[in-house]
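A.B. asks: Protein chains in written order, with UniProt numbering: chain A, 1 to 360; chain B, 1 to 360.
These aren't lab readings, by the way, just hints derived from the structure by calculation. Keep in mind that a hint or two might mislead.
Where chains are identical, the list cannot tell them apart; a pair therefore holds if satisfied intra-copy or between any two copies.
When the alpha-carbon atoms are kept at most 20 Å apart in a straight line, the in silico SDA-like pairs for lysine to any residue are as follows [what the hints assert, rightly or not]:
{"no.": "1", "residue 1": "Lys152", "residue 2": "Phe134"}
{"no.": "2", "residue 1": "Lys33", "residue 2": "Phe263"}
{"no.": "3", "residue 1": "Lys152", "residue 2": "Asn330"}
{"no.": "4", "residue 1": "Lys91", "residue 2": "Asp140"}
{"no.": "5", "residue 1": "Lys292", "residue 2": "Gly141"}
{"no.": "6", "residue 1": "Lys214", "residue 2": "Asn247"}
{"no.": "7", "residue 1": "Lys152", "residue 2": "Asp140"}
{"no.": "8", "residue 1": "Lys47", "residue 2": "Met94"}
{"no.": "9", "residue 1": "Lys292", "residue 2": "Asn330"}
{"no.": "10", "residue 1": "Lys203", "residue 2": "Asp60"}
{"no.": "11", "residue 1": "Lys152", "residue 2": "Gly141"}
{"no.": "12", "residue 1": "Lys152", "residue 2": "Leu127"}
As a plain string of letters, each chain reads:
There are 2 protein chains.
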Amino acid sequence: MEETKHYFEGVEKLVEVWFADPPLNPDDADLRKITKETWDGLLRAVKCEIISFTKNEEVDAYVLSESSMFVSKRRWILKTCGTTTPLNCLKPMMKLAAEMGFVEITDFFYSRKNFARPELQLLPHRLFCEEVKFLDTIFDGGHTYCLGQINKDCWYLYTLSHPERERDDRPLIEIPKVEMKGLSEPDQTIEILMEKLDPRIMKIFTKELCTDGKDATVKSKINEILPDMVIDDFLFEPCGYSMNGINGRGEYMTIHITPEHEFSYVSFESNVSMNNYTDLINRVIQTFLPSKFILTIFANKSSEAYATIRELEYNDYGVQWQRSEMQCCNFPSYNLLFATYTVCRNQGDGEEENGEGMKC
Amino acid sequence: MEETKHYFEGVEKLVEVWFADPPLNPDDADLRKITKETWDGLLRAVKCEIISFTKNEEVDAYVLSESSMFVSKRRWILKTCGTTTPLNCLKPMMKLAAEMGFVEITDFFYSRKNFARPELQLLPHRLFCEEVKFLDTIFDGGHTYCLGQINKDCWYLYTLSHPERERDDRPLIEIPKVEMKGLSEPDQTIEILMEKLDPRIMKIFTKELCTDGKDATVKSKINEILPDMVIDDFLFEPCGYSMNGINGRGEYMTIHITPEHEFSYVSFESNVSMNNYTDLINRVIQTFLPSKFILTIFANKSSEAYATIRELEYNDYGVQWQRSEMQCCNFPSYNLLFATYTVCRNQGDGEEENGEGMKC
Numbered sequence: 001m002e003e004t005k006h007y008f009e010g011v012e013k014l015v016e017v018w019f020a021d022p023p024l025n026p027d028d029a030d031l032r033k034i035t036k037e038t039w040d041g042l043l044r045a046v047k048c049e050i051i052s053f054t055k056n057e058e059v060d061a062y063v064l065s066e067s068s069m070f071v072s073k074r075r076w077i078l079k080t081c082g083t084t085t086p087l088n089c090l091k092p093m094m095k096l097a098a099e100m101g102f103v104e105i106t107d108f109f110y111s112r113k114n115f116a117r118p119e120l121q122l123l124p125h126r127l128f129c130e131e132v133k134f135l136d137t138i139f140d141g142g143h144t145y146c147l148g149q150i151n152k153d154c155w156y157l158y159t160l161s162h163p164e165r166e167r168d169d170r171p172l173i174e175i176p177k178v179e180m181k182g183l184s185e186p187d188q189t190i191e192i193l194m195e196k197l198d199p200r201i202m203k204i205f206t207k208e209l210c211t212d213g214k215d216a217t218v219k220s221k222i223n224e225i226l227p228d229m230v231i232d233d234f235l236f237e238p239c240g241y242s243m244n245g246i247n248g249r250g251e252y253m254t255i256h257i258t259p260e261h262e263f264s265y266v267s268f269e270s271n272v273s274m275n276n277y278t279d280l281i282n283r284v285i286q287t288f289l290p291s292k293f294i295l296t297i298f299a300n301k302s303s304e305a306y307a308t309i310r311e312l313e314y315n316d317y318g319v320q321w322q323r324s325e326m327q328c329c330n331f332p333s334y335n336l337l338f339a340t341y342t343v344c345r346n347q348g349d350g351e352e353e354n355g356e357g358m359k360c
Numbered sequence: 001m002e003e004t005k006h007y008f009e010g011v012e013k014l015v016e017v018w019f020a021d022p023p024l025n026p027d028d029a030d031l032r033k034i035t036k037e038t039w040d041g042l043l044r045a046v047k048c049e050i051i052s053f054t055k056n057e058e059v060d061a062y063v064l065s066e067s068s069m070f071v072s073k074r075r076w077i078l079k080t081c082g083t084t085t086p087l088n089c090l091k092p093m094m095k096l097a098a099e100m101g102f103v104e105i106t107d108f109f110y111s112r113k114n115f116a117r118p119e120l121q122l123l124p125h126r127l128f129c130e131e132v133k134f135l136d137t138i139f140d141g142g143h144t145y146c147l148g149q150i151n152k153d154c155w156y157l158y159t160l161s162h163p164e165r166e167r168d169d170r171p172l173i174e175i176p177k178v179e180m181k182g183l184s185e186p187d188q189t190i191e192i193l194m195e196k197l198d199p200r201i202m203k204i205f206t207k208e209l210c211t212d213g214k215d216a217t218v219k220s221k222i223n224e225i226l227p228d229m230v231i232d233d234f235l236f237e238p239c240g241y242s243m244n245g246i247n248g249r250g251e252y253m254t255i256h257i258t259p260e261h262e263f264s265y266v267s268f269e270s271n272v273s274m275n276n277y278t279d280l281i282n283r284v285i286q287t288f289l290p291s292k293f294i295l296t297i298f299a300n301k302s303s304e305a306y307a308t309i310r311e312l313e314y315n316d317y318g319v320q321w322q323r324s325e326m327q328c329c330n331f332p333s334y335n336l337l338f339a340t341y342t343v344c345r346n347q348g349d350g351e352e353e354n355g356e357g358m359k360c
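Taking the hints into account, I'd like the entire structure generated from these sequences.
C.D. replies: What follows is the structure in structure tokens.
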């Protein structure tokens with residue numbers, strides 16, 4: 001029997017698209033020319049809406065009713081949680097981009113953790129294979145991976161960053177031209193997907209304890225995680241929190257919090273460039289105190305983070321965290337580190353023990 | 001419509017079980033005391049039979065009608081191809097082992113490549129999730145992985161080498177006691193699963209060109225791959241080849257060949273201890289000239305191969321091979337390297353190009 005109790009799926013679906021500079025007038029083409037009204041229309045197909053907006057020279061950052069969207073000149077990131085349907089706006093968005101001259105995609109990533117309650121999702125998001133089938137109607141030669149344990153705590157990835165270089169016979173360690181066209185700039189993304197968080201900290205992200213987003217940002221010390229970020233934050237009624245941060249180097253961070261004790265979930269994501277993420281990871285997990293988390297780091301070969309993925313392989317985050325899974329994938333232009341961590345039992349913080357892996 | 005043309009699934013299902021030394025009379029307990037007649041009975045449930053046998057001080061090696069079985073004091077390896085059902089003999093085998101005192105399993109691995117024609121398999125082997133469901137009725141807490149691309153060229157693993165150390169708070173880099181009980185000896189396994197092989201070489205493994213197993217072994221130079229192995233080989237009528245090799249150090253190698261052009265497949269497996277597998281891999285692929293192959297290397301922390309997995313990550317096998325996928329997993333007591341390679345197109349050897357990844 002299905003329970004009818006309140007439930008919210010904090011786990012996000014994450015779309016990241018990189019377009020090649022248009023062959024004609026590359027300086028004029030800019031995805032940020034798409035108006036808020038046009039985005040409003042596109043996001044109806046996703047079942048979410050824009051609730052706040054901030055920008056700087058490099059990037060436009062939207063807080064959505066379910067998570068966030070970041071738009072820069074030729075990169076589009078859409079991250080949405082709950083029962084939203086982000087893939088449904090992919091074709092219209094690509095059509096729009098093509099009208100601006102962005103006719104070629106250089107990289108595409110769709111990723112998500114397994115859902116806790118997949119049966120509540122809408123088409124085509126109930127199963128990863130369903131999402132893959134949908135994406136295969138748009139792209140040729142997408143590659144699909146499941147990192148972590150199949151059907152339990154895992155993380156799915158669909159990417160066009162082809163491992164197979166079909167028209168190229170250089171060693172794989174080099175970067176295939178076709179992939180890297182326009183991608184010579186360093187790029188890296190770190191995500192920390194946290195579950196079963198400290199209830200005392202989660203309490204901050206409710207209207208019971210805080211008046212607004214700014215209040216929650218300061219009380220939780222989210223503003224100290226990456227201090228140079230200009231923050232746009234939002235506290236939902238009666239609970240829940242979203243924030244985008246952007247800095248002058250075009251870097252972003254975004255945090256989304258589902259504080260309800262029964263299904264607490266916090267995600268942190270940033271493309272901040274660092275040659276060692278250990279301190280950042282420690283700050284994030286000390287801010288939220290999860291009982292378990294998934295860490296993913298993508299870094300391309302131009303990124304200073306590229307080499308440090310190796311270093312992180314050997315890093316356990318202090319005595320209270322232990323790594324339970326670790327996988328590293330080499331793609332032609334990116335390295336990917338995937339790891340899962342759990343809190344040690346003898347360091348219990350009042351949170352119950354982690355249960356079984358979730359079925360998907 | 002199903003094609004009724006001749007087809008043989010060369011891809012093997014591989015079971016490896018390590019038992020703990022029995023608490024009572026550990027020196028007396030020995031899986032090799034199981035008689036050939038008893039194995040004959042057990043293997044009926046697998047739908048294969050023993051066709052040849054050889055042994056030395058360390059290990060008993062059986063050539064089967066579909067692949068091989070290796071029995072040592074407390075380790076049992078069963079590798080079978082075609083439409084055999086190796087999981088069906090697992091419970092009876094464990095019952096038999098328990099009667100000899102082997103009541104505790106320290107490690108269990110079930111692995112296989114995706115099948116080319118899964119619809120031809122018998123229960124519970126048609127889908128990996130079916131196999132997992134079956135194994136979950138026997139074991140608690142099995143961990144399941146899919147390396148490579150989901151539903152395409154991939155390799156499935158079910159293991160009890162738990163990444164989660166639930167009663168242990170030492171850093172993961174150390175070896176959990178519970179896992180390593182009786183497993184302190186170095187252990188490593190290398191597998192090379194090759195497809196679309198050179199038809200001129202495959203011809204050797206037919207009765208047209210060779211009179212018997214020995215003839216094929218020498219003509220193909222299989223005996224030069226690991227020269228210290230005592231070889232037991234078999235050439236099938238009208239084609240197909242199996243060999244086991246064992247040496248005095250308790251090491252084994254095993255090769256199985258499905259030579260038919262439409263679905264040619266060769267597997268190489270060995271637990272030979274080396275601090276660098278590069279030369280061995282080169283010898284194997286030069287012997288068979290596949291158009292593509294999967295490489296997997298397991299090595300526990302006592303193994304001299306453990307550190308060299310890292311080195312292999314960076315190794316492309318000469319100019320004619322390119323790595324298309326590479327993943328590395330850290331388990332508590334084992335490291336696992338998974339990689340796929342394809343031949344470069346401009347080095348074509350008369351074989352047709354690789355087609356799409358196979359659906360599973």
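A.B. asks: Of the numbered hints stated earlier in the document, which are not met by this structure?
C.D. replies: Checked against the structure, the hints that fail are numbers 2, 10, while the rest are satisfied.
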